[in-house]
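Asks: Sequence:
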Amino acid sequence: TSTKPKYKKELSAEERKKLHNKTCTLKQRKRYFRFQITRDDIDKRFTAKQIKKILKQHNIPVTAVSFSSRTNKKALIIGLKEITKLSIYENIVADLFTKQHYEQFRNDKYKSRSSSRHHLVI
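Quick note on my numbering: the sequence shown kicks off at 1466 and runs consecutively.
Simulated from the structure, these hints should not be mistaken for lab results.
Only a predicted model underlies this, so the values are computations on that prediction, with no experimental measurement involved.
Virtual Cβ for every residue (Gly too), placed ideally from N, Cα, C.
Honestly, I wouldn't trust all of these hints.
[Unchecked claim] Computed spacing ranges between beta-carbons, pair by pair: (1) Gln-1569 <-> Thr-1488: 38 to 48 Å; (2) Glu-1480 <-> Glu-1547: 19 to 29 Å; (3) Asp-1560 <-> His-1485: 37 to 47 Å; (4) Ser-1552 <-> Lys-1574: 48 to 58 Å; (5) Ile-1557 <-> Thr-1488: 42 to 52 Å; (6) Lys-1574 <-> Asn-1524: 40 to 50 Å; (7) Leu-1491 <-> Lys-1514: 16 to 26 Å; (8) Ser-1477 <-> Lys-1546: 33 to 43 Å; (9) Thr-1563 <-> Thr-1488: 17 to 27 Å; (10) Thr-1488 <-> Thr-1528: 18 to 28 Å; (11) Leu-1491 <-> Glu-1547: 20 to 30 Å; (12) Arg-1510 <-> His-1485: 30 to 40 Å; (13) Lys-1514 <-> Lys-1538: 14 to 24 Å.
Let the sequences and hints guide you as you build the complete structure.
Replies: Right, here's the structure in full:
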């Protein structure tokens, strides 16, 4: 009579909840990044909020933006809503998020702030 040890124990409600949340999160992340563009060695000063704003200005529909650090270089992973225009989006993103682009972005942001101050009516 061999008795097999029970490796699977009954999970508590809290453990079931954690496991459920983990699987749902992984499925959601998989959906967000089903179609993606990966851009290596972007300028480290760009924030996710700035990147989303820039992509929106270029009419690129985005589901999520994520960063990955590979060998001290910041990589950008962009989840796309559709794959039909993937090559067009890749061409647009190829010129974005460099050091020169950050300087241009920062200068444009500064100029728009200073010009908006001149239009205030007192």
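Asks: Range hint 16 to 26 Å: satisfied by the CB atoms of Leu-1491 and Lys-1514?
Replies: holds, 25 Å
Asks: Using the C-beta atoms of Thr-1488 and Thr-1528, is the stated range 18 to 28 Å upheld?
Replies: 19 Å Cβ-Cβ, so the 18 to 28 Å window holds.
Asks: Indicate whether the distance between the beta carbons of Leu-1491 and Glu-1547 respects the range 20 to 30 Å.
Replies: At 22 Å between Cβs, range holds.
Asks: Just tell me: holds or violated, for the beta carbon distance of Thr-1563 and Thr-1488 against 17 to 27 Å?
Replies: violated, 38 Å
Asks: Per the hint of 33 to 43 Å, is the separation of the Cβ atoms of Ser-1477 and Lys-1546 within bounds?
Replies: With a Cβ separation near 38 Å, Ser-1477 and Lys-1546 satisfy 33 to 43 Å, so the hint holds.
Asks: At the C-beta level, are Arg-1510 and His-1485 separated by a distance inside 30 to 40 Å?
Replies: holds, 38 Å
Asks: That 42 to 52 Å hint for Ile-1557 and Thr-1488 (C-beta), does it hold up?
Replies: violated, 34 Å
Asks: Hint says 14 to 24 Å; check whether the CB-CB distance for Lys-1514 and Lys-1538 agrees.
Replies: holds, 21 Å
Asks: Between Lys-1574 and Asn-1524, is the Cβ distance one that fits in 40 to 50 Å?
Replies: violated, 20 Å
Asks: The hint says 48 to 58 Å between Ser-1552 and Lys-1574; measuring C-beta to C-beta, is that right?
Replies: Since the Cβ atoms of Ser-1552 and Lys-1574 sit about 30 Å apart, the hinted range of 48 to 58 Å is violated.
Asks: Could you check the hint for me, namely that Gln-1569 and Thr-1488 are 38 to 48 Å apart, CB to CB?
Replies: holds, 43 Å
Asks: Taking the Cβ atom of Glu-1480 and the Cβ atom of Glu-1547, is their distance within the range 19 to 29 Å?
Replies: violated, 38 Å
Hint compliance for this structure: hints 2, 4, 5, 6 and 9 are not met, and every other hint is.
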